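Undergrad: If you read the sequences in order, they're chains Y and W. If you count the first sequence from 1, position 72 lands on 72 in this note's numbering, and the numbers rise without skipping. If you count the second sequence from 1, position 449 lands on 449 in this note's numbering, and the numbers rise without skipping.
No wet-lab data here; the hints were simulated from the structure. Only a predicted model underlies this, so the values are computations on that prediction, with no experimental measurement involved. You may find that some hints are simply not true.
Derived DSBU-like pairs (lysine-lysine); straight-line CA-CA distance at most 35 Å [to be verified]:
1. 459(W) x 341(Y)
2. 164(Y) x 651(W)
3. 246(Y) x 26(W)
4. 630(W) x 117(Y)
5. 246(Y) x 443(W)
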Amino acid sequence: MQEKLQQLKNEALPAIISVKTAEELESLENKYLGRKNGELTELMKGLKDFNPEEKKNFGQILNEIKKELEESINKKREELNNAGFAEQITKEKIDLSQPCLPKKESGHIHPSSIVQKQLEDLFTSMGFMVLDSSELESDYYNFEAINIPPTHPARESQDTFYIKNHENWLMRTHTSANQVRAMEKYGAPLRMITPGRCFRNESTDARHEHTFYQMEGVVIDKNINFGHMKAVLETVAKNLFGPETKVRLRPKFYPFVEPGVNGEVTCLLCGGKGCSVCKHTGWMEIFGAGMIHPNVLNYGGLDPKVYSGFAFGFGLTRLVMLKYGIDDVRLLQSGDLRFVKQF
Amino acid sequence: MNISYNWLKKYITLPDSITPEIVAEKLKLSTVEVENIIRQGDGLHNIVVGKVLKADKHPNADKLKLCLVDVGKESLQIVCGGSNVADGMLVAVAKVGAKVHWHGEKDLVEIVPTKIRDVDSYGMMCGGSEIGLEQMFPAKGEKEILDFTELKFKPGTELKKALGLDDVVLEIDNKSLSNRPDLWGHYGIAREVSVLFPRELKNYETKEIIPGKEIKLKVDVDDIKLCPRYMAVVVDGIKIGPSPLWLQQSLSAVGLRSINNVVDITNYIMYDLGQPLHAFDANNLKTKNKNSKTIIVRTAKPEEDFKLLDEKVIKLTENDLVIADEEKPIALAGVMGGFDSGISDSTTTIIFESANFEPVNIRKTALRYDSRTDSSARFEKSLDPNMTSDALKKAVEMILDFCPEAKVVSNIVDEKNFHLATGPIQTSVGDICKKIGIDLDKKEIIGILTRLGFEVKEKGKDGLSVKIPTWRATKDISMAEDLAEEIGRIYGYDKIESILPSFEIAPPEKNELRDLEHRLRNILSKELAYDEVYNYSFISDAQIERLGEDKTKYLELDNPLSKEKPYLRRELLPNVLENVQKNMENFDQVNIFEIGKIYLAELAGPRALSNNDELLPRQDSVLTIVNYSKKGQSGFFPVRLALEKIMADLKTDFLIEAPKFVKNFAHPGRVGEIFIDGKMVGMIFEINPLTAKKWDLNERVGVLEINLNDLLDILKEKNPFTYTSISEFPTVERDLAFTVDKNISHQEIISKIKDVYPLLKSAELFDVYEGEHVKAGDKSMAYRFIFGSSERTLNTGEVDEVMGKISNILKEKFKAEMRG
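Let the hints inform the model, and build the full structure from the sequences given.
TA: Now the structure itself:
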């Protein structure tokens, strides 16, 4: 019996090791360990014919061999399984550069909306209200109330679109038209921006548009001075164009401020070294600003002896063009999807 | 305006360490925009004065000369095609290495030794246009080279030096001068420079005019408002001729062409003091008495014809101010002289005019005749009337100097009637410092103001009483804020400390409309793949006609840029449809949206004035989306999907109902009005195929229009969204399919079965089908019903019962037939 067992073991183990497929392994498992006719199973069934001592002795050996065979089979099975996965994984290699098909289109937000939103978020974070205002505006709010006298050249139809049969209605020429409206509605202290569409009666070309976007800002309180204006403009410029950005203010006349300045920032492209975009000056004109004229405060119902403030205006359209390097302003209102789909 | 650095130095002494670049930078930061700095003579490198020793005929060419030219240390053989070249002539020689505009061409060419028709040539004798001197030395004939023989230059001298082209020119942006009438001449700029550096400003020296008695000069100013001051004097014995070289050089530096001594004097003084002058030929004035001259300053007669100096003939209006003799106008006041009274080579007697005119009227007249001149540009800035006297004295002084025989032969007329508000302005050191945010002492403030020409008197400890100089009093300076600006800009804006203002910690009021707009942009672009477009607010006659709308409802521009698009949009649709049409050239599918304002005249908008009830048109923000595909999958349902997604995001239910009146541009069977809580917020429709064809769109065009102001009003009214608790008991799902007349709507069916049974949680339509196996005129619909209770598990029997009821309702109300 012992010999028989040893022989079975010597025959079975190498057979298991040399098996190549899962099917062969299964038939070997059946051959030796199958419940019905497995050779080892049969030998176990035959144990009942031995005497108790032999039964115990052979039984122990049988169990050891069975365990050994099972372990060997399991090990082989895992080996075969792993080999199978490895093969499958190799076969499943894909082209990583191939895009997902069919393509799913995405939509695009207009660049002016993107930049406007960024500015609104920036100013909101600084405690400014974002105000809306009329695009079709009255002569009063667009000109008179912000100290632009009736004889001012800007009032002539060369620059302003007027509405037929309503001689004091016009398309606002600047978002400054909301200065006095905001003062009337909110009084002081006031911190607000008004981004929006403006109109000028001028022929369009790559650099000129009759319809464009501006953003006006106003800060009014007691004791607001020029140094405050400078600080706010610097903060905004650094936020928009990076912490290294410098601001310089130069005198410029606007009827609704006194003093008035034009604000330049270090050129976004060359960082101030001078390039073709900044006409080799290192500076780019980005905004107009100034301390609000006492007449304007009066129009807004605020006493200039008590309150002072500053106003500033950005060319939103110009910012968009600078940010994205857009060389033809007309693209912004062309509705051309070859343009819009880039953003 | 161009400013000559040499000219400036007549009035202010600057050390060499202060370069023109430094002056320009200071001016930029404190006064005006200097756009460019041009160094004269930069292009004249290696160009020298040469003397033609002999000019022989070229052996191989008829029109060329073979010349030997003395250029100082050596003589060069040069082949020349100049028509005027001759022995002994002094010429401009571009030596090897010089760069010239060959035959006046735009690009520069470098001179190299060359062979012309087999003969060596070592340079070039230049014409004026070849080295940028055509203004200074206008050519009289073609192919002429510059002839300096009369100027007696020494051969070999650098041309730059010989011509005195060592000036530096600062180009100043006129727009930056618009509010500074005092800066339109060199003396004014010199005054600023003298304050900025600071250096002493020399006085403007003039000689008194000694009047003559031969001619009685009379000036009648009819309109003292339009002409606050008029000075004039007659000078006889004039010999018209070229100006001295220094004057020619000065004018050339600022970009003016020298014309003759008299005209050059008027231009020079205009650029010197900023005061435009005019010179008439006195003999061309019609006058009754030989020994008198009368000038009338009056408004023109309507339709009066007038020939300007530039030979343009205009028809005057009664708003134009003219200078006239006893018969007719001789000048368009402040703008341009008349052709008939202009200075000619035979002029011997002149009248110098030095006057002041009302700015607005000058500007309007100049614009009316498209004749903006150096003169009108200055008058329209509000010049100081006090300037006319110095200007006239200077003009007489110069002409007497240029023409030794000349003599003042009349009285000096000075008709004036003006008042300048020169203050004084009451302010204080503390007030100025507070406005700017600086801490300057009194001495410094008074110093700056005094150097600028203000007269400052101290009042008490801190107070200042400031008298405005006349040249700043015409419109520029009138209040304490103006003085703060003067201090700020001269002190230097860069030196003012930046300090952020402090405010109460409080969140700003929200702009809910803006938030809604940005939210919709996100949904439409990120979730639904729509692209955002921007269009103009204006539309055309043709677009309105295509829509079949009524033109009279639209507001119209009084002065549109193009006659083509004069109307203000009442809907975004026409321009968006145009976008679709144009994009079809590049794309098969166009899904776009625009958010913008529309202008509705019949509805009340914001107030037009603060103190009366006039209202502007209502200007609502509107969303319009359009869906179009060449492959024909576009139309109503894709835009309905967008509507569903938007409303789902806003947590809002909506209804679509067929409108009572269908607009011409909508498909009558595919149009609905969108309601939320019974209030209309927009329209959803397909474009009427007949309308779509007008935009070359042959497939279905889906459109969704939502009025965002209306939508926002409704959203504000709604209760905030809250969650519904999740039932711990299972729900039961049942499907039901039936056929029904295709005109029965989903909404009708839902409205009838919705309230049948409280345990019906939802009824979702998941399939609609027409065609095979369904009777013509019918459609098959399939619903999924979900039943549930938060208190117990439902049993099959009760669900069966409700399903039966639903089937019965469908049969009874809609004649529906249940399917397998």
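Undergrad: If a hint holds in the structure, say so; if it does not, say that too.
TA: Going through the hints against the structure:
Between the alpha carbons of residue 459(W) and residue 341(Y) the distance comes to roughly 67 Å, so the proposed pair goes past 35 Å and is violated. Taking the CA atoms of residue 164(Y) and residue 651(W), the gap is near 43 Å; set against the 35 Å cutoff, the hint is violated. For the hint pairing residue 246(Y) with residue 26(W), the CA-to-CA distance comes to about 18 Å; that is within 35 Å, so the pair holds. For the given pair, residue 630(W) sits about 34 Å from residue 117(Y) by alpha-carbon distance, which is consistent with the 35 Å threshold.
Under the criterion of a C-alpha separation no larger than 35 Å, the hint pairing residue 246(Y) with residue 443(W) is consistent with the structure, at around 31 Å.
The structure fails to meet hints 1 and 2 from the earlier list, while all remaining hints are met.
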